[in-house]
Amino acid sequence: MQEEEAVRLFKCLADKSRLQILKSLMREDMYVERLAERLSLTPATISFHMKKLEEAGAVTRYRDQYYTMYALRRDVFSARILDIIGEPSGEADAQAQRDAAYRQKILQNFFEYGRLTAIPAQRKKRRICLEEIARAFEVGKPYAESEVNEIIGRYHEDYCTLRREMICEGIMERSDGTYVRKT
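All residue numbers for the sequence shown refer to the numbering used here, where the first residue is 1469 and numbers rise by one.
No wet-lab data here; the hints were simulated from the structure. Warning: the hint list may mix true and false statements.
[What the hints assert, rightly or not] Computed spacing ranges between beta-carbons, pair by pair:
1. LYS1519 to LEU1575: 49 to 55 Å
2. ARG1571 to ASP1483: 37 to 43 Å
3. GLN1590 to SER1508: 54 to 60 Å
By construction, the Cβ of each residue, glycine as well, lies at the ideal position given by its N, Cα and C atoms.
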(Lines of atoms letter the chains of each structure in order from A and count residues from 1; the text may use other names and numbers.)
(Lines give C-alpha, C1' and ligand atoms only; values in the text may rest on other atoms or scores of the structure.)
Protein backbone atom coordinates (compact mmCIF):
# COMPACT_ATOMS: atom_id res chain seq x y z
CA MET A 1 0.00 0.00 0.00
CA GLN A 2 1.42 3.37 -1.04
CA GLU A 3 1.83 6.17 1.49
CA GLU A 4 -0.90 8.34 -0.06
CA GLU A 5 -3.33 5.41 -0.06
CA ALA A 6 -2.57 4.68 3.58
CA VAL A 7 -3.15 8.31 4.57
CA ARG A 8 -6.52 8.35 2.76
CA LEU A 9 -7.54 5.09 4.39
CA PHE A 10 -6.52 6.15 7.91
CA LYS A 11 -8.33 9.48 7.54
CA CYS A 12 -11.38 7.64 6.32
CA LEU A 13 -11.32 5.22 9.25
CA ALA A 14 -11.26 8.09 11.74
CA ASP A 15 -15.05 8.32 11.70
CA LYS A 16 -17.38 6.26 13.88
CA SER A 17 -20.14 5.99 11.26
CA ARG A 18 -17.70 4.72 8.64
CA LEU A 19 -16.38 2.12 11.05
CA GLN A 20 -19.96 0.97 11.72
CA ILE A 21 -20.56 0.74 7.97
CA LEU A 22 -17.42 -1.37 7.54
CA LYS A 23 -18.48 -3.64 10.39
CA SER A 24 -21.83 -4.20 8.70
CA LEU A 25 -20.19 -4.84 5.33
CA MET A 26 -17.93 -7.37 6.97
CA ARG A 27 -20.98 -9.59 7.56
CA GLU A 28 -22.49 -9.21 4.09
CA ASP A 29 -22.65 -6.95 1.04
CA MET A 30 -25.40 -4.32 1.36
CA TYR A 31 -27.07 -1.45 -0.43
CA VAL A 32 -27.45 2.11 0.90
CA GLU A 33 -31.04 1.84 2.17
CA ARG A 34 -30.31 -1.37 4.08
CA LEU A 35 -27.24 0.18 5.71
CA ALA A 36 -29.25 3.30 6.58
CA GLU A 37 -31.93 1.19 8.25
CA ARG A 38 -29.42 -0.94 10.11
CA LEU A 39 -27.38 2.03 11.42
CA SER A 40 -30.27 4.46 11.99
CA LEU A 41 -28.82 7.00 9.57
CA THR A 42 -30.34 8.65 6.51
CA PRO A 43 -29.60 7.21 3.06
CA ALA A 44 -27.97 10.53 2.11
CA THR A 45 -25.57 10.22 5.05
CA ILE A 46 -24.75 6.63 4.13
CA SER A 47 -24.16 7.67 0.49
CA PHE A 48 -21.79 10.41 1.64
CA HIS A 49 -19.81 7.96 3.77
CA MET A 50 -19.81 5.32 1.03
CA LYS A 51 -18.29 7.83 -1.38
CA LYS A 52 -15.49 8.51 1.14
CA LEU A 53 -14.94 4.81 1.76
CA GLU A 54 -14.85 4.10 -1.97
CA GLU A 55 -12.34 6.93 -2.58
CA ALA A 56 -10.14 5.47 0.14
CA GLY A 57 -10.31 2.04 -1.52
CA ALA A 58 -12.02 0.43 1.48
CA VAL A 59 -15.15 -0.67 -0.39
CA THR A 60 -16.16 -1.53 -3.91
CA ARG A 61 -19.58 -1.39 -5.54
CA TYR A 62 -21.39 -3.50 -8.08
CA ARG A 63 -24.87 -3.71 -9.59
CA ASP A 64 -27.36 -6.38 -8.53
CA GLN A 65 -30.74 -5.96 -10.27
CA TYR A 66 -31.88 -2.44 -9.29
CA TYR A 67 -29.49 -2.04 -6.38
CA THR A 68 -25.99 -0.74 -6.13
CA MET A 69 -24.37 -3.11 -3.70
CA TYR A 70 -21.33 -2.29 -1.62
CA ALA A 71 -18.72 -4.82 -0.56
CA LEU A 72 -15.79 -4.62 1.80
CA ARG A 73 -12.36 -4.86 0.12
CA ARG A 74 -10.84 -7.39 2.47
CA ASP A 75 -7.46 -7.30 0.75
CA VAL A 76 -7.02 -3.66 1.82
CA PHE A 77 -7.55 -4.58 5.46
CA SER A 78 -5.32 -7.65 5.38
CA ALA A 79 -2.22 -5.43 5.17
CA ARG A 80 -0.39 -5.15 8.49
CA ILE A 81 0.16 -1.68 9.88
CA LEU A 82 3.86 -2.41 10.36
CA ASP A 83 4.13 -3.24 6.66
CA ILE A 84 2.43 0.03 5.76
CA ILE A 85 4.69 2.04 8.04
CA GLY A 86 7.74 0.20 6.71
CA GLU A 87 7.04 1.19 3.10
CA PRO A 88 9.62 3.60 1.66
CA SER A 89 8.45 7.19 1.85
CA GLY A 90 8.64 9.83 -0.83
CA GLU A 91 9.95 12.07 1.94
CA ALA A 92 12.99 9.87 2.59
CA ASP A 93 15.30 11.81 0.25
CA ALA A 94 14.18 15.17 1.61
CA GLN A 95 14.62 13.92 5.16
CA ALA A 96 18.12 12.63 4.36
CA GLN A 97 19.03 16.04 2.91
CA ARG A 98 17.72 17.80 6.03
CA ASP A 99 19.74 15.42 8.23
CA ALA A 100 22.91 16.06 6.19
CA ALA A 101 22.37 19.83 6.37
CA TYR A 102 21.85 19.61 10.15
CA ARG A 103 24.99 17.51 10.53
CA GLN A 104 27.00 20.00 8.48
CA LYS A 105 25.68 22.91 10.55
CA ILE A 106 26.71 21.17 13.80
CA LEU A 107 30.19 20.46 12.47
CA GLN A 108 30.58 24.09 11.37
CA ASN A 109 29.44 25.32 14.79
CA PHE A 110 31.69 23.05 16.87
CA PHE A 111 34.79 22.62 14.71
CA GLU A 112 37.23 25.33 13.79
CA TYR A 113 40.34 24.62 11.73
CA GLY A 114 39.80 20.88 12.26
CA ARG A 115 39.64 21.13 16.06
CA LEU A 116 36.67 20.72 18.35
CA THR A 117 36.07 24.11 20.01
CA ALA A 118 33.72 22.78 22.72
CA ILE A 119 32.17 19.46 23.67
CA PRO A 120 28.42 19.82 22.98
CA ALA A 121 26.13 19.35 25.96
CA GLN A 122 23.24 18.11 23.83
CA ARG A 123 23.60 14.37 23.17
CA LYS A 124 22.61 14.46 19.50
CA LYS A 125 25.12 17.20 18.72
CA ARG A 126 27.81 15.48 20.79
CA ARG A 127 27.21 12.22 18.88
CA ILE A 128 27.72 13.99 15.55
CA CYS A 129 31.00 15.47 16.77
CA LEU A 130 32.17 12.11 18.13
CA GLU A 131 31.36 10.42 14.81
CA GLU A 132 33.42 13.06 13.02
CA ILE A 133 36.41 12.42 15.31
CA ALA A 134 35.96 8.65 14.93
CA ARG A 135 36.63 8.98 11.21
CA ALA A 136 40.33 9.27 12.16
CA PHE A 137 40.23 5.61 13.26
CA GLU A 138 40.00 2.58 10.98
CA VAL A 139 37.00 0.34 11.60
CA GLY A 140 38.03 -2.93 13.26
CA LYS A 141 41.69 -1.98 13.76
CA PRO A 142 42.92 -2.31 17.37
CA TYR A 143 44.52 0.77 18.95
CA ALA A 144 46.46 1.10 22.17
CA GLU A 145 45.13 3.65 24.65
CA SER A 146 48.10 5.93 24.01
CA GLU A 147 47.34 5.94 20.26
CA VAL A 148 43.70 6.74 20.92
CA ASN A 149 44.68 9.58 23.26
CA GLU A 150 47.07 11.01 20.67
CA ILE A 151 44.52 10.88 17.83
CA ILE A 152 41.69 12.36 19.90
CA GLY A 153 44.10 14.94 21.33
CA ARG A 154 44.53 16.36 17.83
CA TYR A 155 40.87 17.40 18.00
CA HIS A 156 40.50 18.49 21.65
CA GLU A 157 42.65 18.62 24.77
CA ASP A 158 40.09 16.68 26.88
CA TYR A 159 40.79 13.36 25.16
CA CYS A 160 39.73 11.35 28.24
CA THR A 161 36.16 12.65 28.16
CA LEU A 162 35.87 12.19 24.40
CA ARG A 163 37.32 8.65 24.58
CA ARG A 164 34.84 7.75 27.33
CA GLU A 165 31.94 9.28 25.38
CA MET A 166 32.90 7.29 22.26
CA ILE A 167 32.72 4.10 24.29
CA CYS A 168 29.41 5.09 25.91
CA GLU A 169 27.90 5.90 22.50
CA GLY A 170 29.05 2.55 21.08
CA ILE A 171 31.32 4.17 18.51
CA MET A 172 34.37 2.49 20.02
CA GLU A 173 34.80 -0.63 22.12
CA ARG A 174 37.40 -1.16 24.85
CA SER A 175 38.77 -4.54 25.86
CA ASP A 176 41.95 -5.17 27.89
CA GLY A 177 43.40 -1.73 27.13
CA THR A 178 42.76 -2.08 23.41
CA TYR A 179 40.29 0.15 21.55
CA VAL A 180 38.48 -0.74 18.35
CA ARG A 181 36.22 1.49 16.25
CA LYS A 182 32.90 -0.31 15.73
CA THR A 183 31.03 2.01 13.38
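Checked hints:
1. LYS1519 to LEU1575: 49 to 55 Å: 52 Å, holds
2. ARG1571 to ASP1483: 37 to 43 Å: Between ARG1571 and ASP1483, where Cβ atoms are some 42 Å apart, the hint holds.
3. GLN1590 to SER1508: 54 to 60 Å: 56 Å, holds
Going down the numbered hints, you'll see the structure goes against none, and every one checks out.
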